[in-house]
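Residue numbers (this note's numbering), protein chains in the order written: chain A, 177 to 602; chain B, 177 to 602.
Calculated from the structure, these hints are not laboratory results.
Incorrect hints may appear among the rest.
Copies of the same chain are indistinguishable here, so a pair counts whether it falls within one copy or spans any two.
[Said to hold, decoys possible] In silico DSBU-like cross-links for lysine-lysine, where the CA-CA straight-line distance does not exceed 35 Å:
hint	residue 1	residue 2
1	Lys515	Lys207
2	Lys357	Lys221
3	Lys178	Lys206
4	Lys515	Lys178
5	Lys579	Lys268
6	Lys179	Lys515
7	Lys207	Lys286
8	Lys515	Lys206
These figures come from a predicted structure and were not determined experimentally.
There are 2 protein chains.
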Amino acid sequence: MKKVGVAILGLGVVGGGVYSILTEKSEFFKKTQNLDITVESVMEKNVDRALSLGVKRENIASSIEDVISNPNVDIVVEVIGGIEPSRTFVLKSLMSGKTVVTSNKELFAKFWPELEEMAKKMNAGLFFEASCVGGVPIIRTLQDGMQANVIESIKGIINGTTNYILTKMTEEGWSYEDALKEAQRLGYAEFNPTADVEGFDATYKLSILSSLAFNTKVSFENIYREGITGIDKDDIAYGKAMGYTLKLLGIGKNTPNGIDVRVHPTFIRNDNPLASVNDSFNAVHLVGDSVGEIMLYGRGAGALPTGSAIVSDIVFASKHDDYYYTPFKNSTGGNKETKFVSDYKVKYYMRLSVADAAGVLSKITGVFAKLSISLKEVKQISAEEGKAEIIIITHPCYESAAKKTLEKLAALDEVYEIKGSIRIEE
Amino acid sequence: MKKVGVAILGLGVVGGGVYSILTEKSEFFKKTQNLDITVESVMEKNVDRALSLGVKRENIASSIEDVISNPNVDIVVEVIGGIEPSRTFVLKSLMSGKTVVTSNKELFAKFWPELEEMAKKMNAGLFFEASCVGGVPIIRTLQDGMQANVIESIKGIINGTTNYILTKMTEEGWSYEDALKEAQRLGYAEFNPTADVEGFDATYKLSILSSLAFNTKVSFENIYREGITGIDKDDIAYGKAMGYTLKLLGIGKNTPNGIDVRVHPTFIRNDNPLASVNDSFNAVHLVGDSVGEIMLYGRGAGALPTGSAIVSDIVFASKHDDYYYTPFKNSTGGNKETKFVSDYKVKYYMRLSVADAAGVLSKITGVFAKLSISLKEVKQISAEEGKAEIIIITHPCYESAAKKTLEKLAALDEVYEIKGSIRIEE
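All chains should be modelled from the sequences, with the hints used to inform the complete structure.
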């Protein structure tokens, strides 16, 4: 039976989950995987926490040098998060020839080529299933289940916090602020929720997933990003009545004009399989030219789901020593020839507060016409004291034209306010 | 660049799909996988078909010996289907040290241990992603994405033909016969539809999936099987109104009393993620003790989706030579100590035509009470000329008790007919 020694850097929520899975299921891994996996070293400042989890004092490392000089350690699990000291620790581990397993999406989104280069140089493994969509094996699927496919699109609900908030706004009619507060109370959102609600977290994940899907480095800086803080619950309700559900989607499309990647609130049809992915669940929908549509669904976060992904990588790394390296591994971040779409085509939902008078609608639709945007639907939803609210659904149009239209509409005397503008994907 | 030679046994629908993916994407595999994959040999009786697909005459093998003696062939793809000659061809290929990739669920369900034993003896690879749920990487997920988990349950819509039929019965109100005819016209159902509609196909797949999920050999003979031929569209409609959707489910549960495996028409709640899997789509829902719920969704059949799974196996086999063998590989079929549940607990939906008279309901509910089955709901749905129809929903009860109840009900003078009895999973 093969012996595998693991070091865990950071015993926070995920690190604790990994530690408990590895120690409690030691016999299970012997029986089902023919692997004798032991935790040989743990790095955690909070020594009391480590001891309370059952770590032996002699296994608590005081420095990264302690860890990488330990000959019993084959695999280093980095679950500290953030850039430093994680980046240094991962690089030092790889430099010493250890295989690294990490859940660190920010590190991967920002320093993947550098890490890959080092791993390749040292013939060490570098695994990151846990960096995207928690326990759902989406990285394994992209690497080992979809090789026959040119992937046409990837669309995902890849942030559980915002999906919880949007679900509550949709199902309970809560305001954004109330839903955020409840998410914070439940531990789904952090005290400073920016990384989640402004879409940074989803952008990091989409950068990783679309790089794998499209076989080229997609930097998080290539991705258009828009969060959910400006979403009004009324737009969710109006959209719902018109057959649309609002989700924060990560969208990647491989188009003839280049790669189109963005994270933004999106209306999808109520019968889209992603529309019924609720609460803190995540899902990724892929279209491949051979396989057609597939979707993976599950928990995107949490100690055990993320721990499950990390342990899956540990077992995979232990069974194979012919590691994969992505074809875009160079220190500057990739394939310079990759083209990105800057002006994509999309449908829009817009809600306007306008003067309730004759000729107003004609003036408004005239703005769309001038920018060659054709309209699918225009409807008035309310009127009071000379004011009316109208909803406009466009046919697909260029993003730049939609933006210009919104500017011109806002400048009209007859338009009091642009109350909402949300992109639609069908 | 590694050279990989492939032989394809059978150029039917799936074989043709594999051939076209491998030949049309030859450059793509060089670029993305660093593999130079070529089709070196094809075995197909219909020489004209082979030639019309572009196979060179000198690459058409006239016997399995031709194929296995070809030193350029590394991987043999078996897509003939059925037991013979597939079994002999697969064994001969393995005996000659070639890796085998197959989509043959019946062969795997019936002869897996024998095939594994031979593969292990010859250190050859044996891959079967395409045997279950077409292009959806469910085998890879079970083998390489869920290793950290004791899997508690697997529930799947794993037959596209029956899912198409049930979808049409549900959404259009068609009878079983009409839906079957349309499925045959579209090529979703065969002229002799028995393997699909009687649940044999799903039983083979569930045998493979639950063996992997529960780390023990689950023979198709261990699986309770019931098809959809007896389903009345009225029961689908009544169920729908009560919040249930009818699906043919493959169900595997790892319970303290043993493994509970069955294929039967099943009511699931309308908000269950499997309930919105429609038409010929398939989906598998898993619960693991670490990861919680996950679901995979996609096309279960077809030339390109199944071809995608086969090519995925070819690429995986080409990149790794440390093959997996399942822990139950012995020629008699496995772990004798595995316990199976014979009398599982389940809820029931029953529809009865009864005499419309005082005291009848009390007599009927008395039958349930005597067998210790408690009822969740009893409601009358129609009455005419002294006859009434009632629907009964039970709380969870033993299958044996439900069966006995149905027998006793049928024997009552006041019960004219048992119009429907369908199990409910929640």
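For each hint, the structure was consulted:
In this homomeric assembly, Lys515 and Lys207 come within 35 Å of each other (Cα to Cα) only across copies, at 18 Å, whereas the closest approach inside a single copy is 49 Å. Taking identical chains as interchangeable, the C-alpha atoms of Lys357 and Lys221 lie at most 35 Å apart only when both belong to the same chain, with a minimum of 30 Å there against 68 Å between chains. In the homo-oligomer, the alpha carbons of Lys178 and Lys206 lie at most 35 Å apart both inside one protomer (9 Å) and across protomers (33 Å), since each shortest distance falls under that limit. Taking identical chains as interchangeable, the C-alpha atoms of Lys515 and Lys178 lie at most 35 Å apart only when they sit on different chains, with a minimum of 29 Å there against 45 Å within one chain.
Proximity of Lys579 and Lys268 under a CA criterion of 35 Å is satisfied in neither setting, with 47 Å inside one chain copy and 65 Å between copies. When the C-alpha separation of Lys179 and Lys515 is checked against a cutoff of 35 Å, the pair qualifies only between copies, where the shortest distance is 31 Å, while the shortest distance within a copy is 46 Å. Taking CA atoms no more than 35 Å apart as the test, Lys207 paired with Lys286 passes between copies only; the shortest distance there is 24 Å, against 39 Å inside one copy. Only between protomers do Lys515 and Lys206 lie at most 35 Å apart by alpha-carbon distance; the minimum there is 21 Å, versus 48 Å within a single protomer.
The structure shown violates just one earlier hint, number 5.
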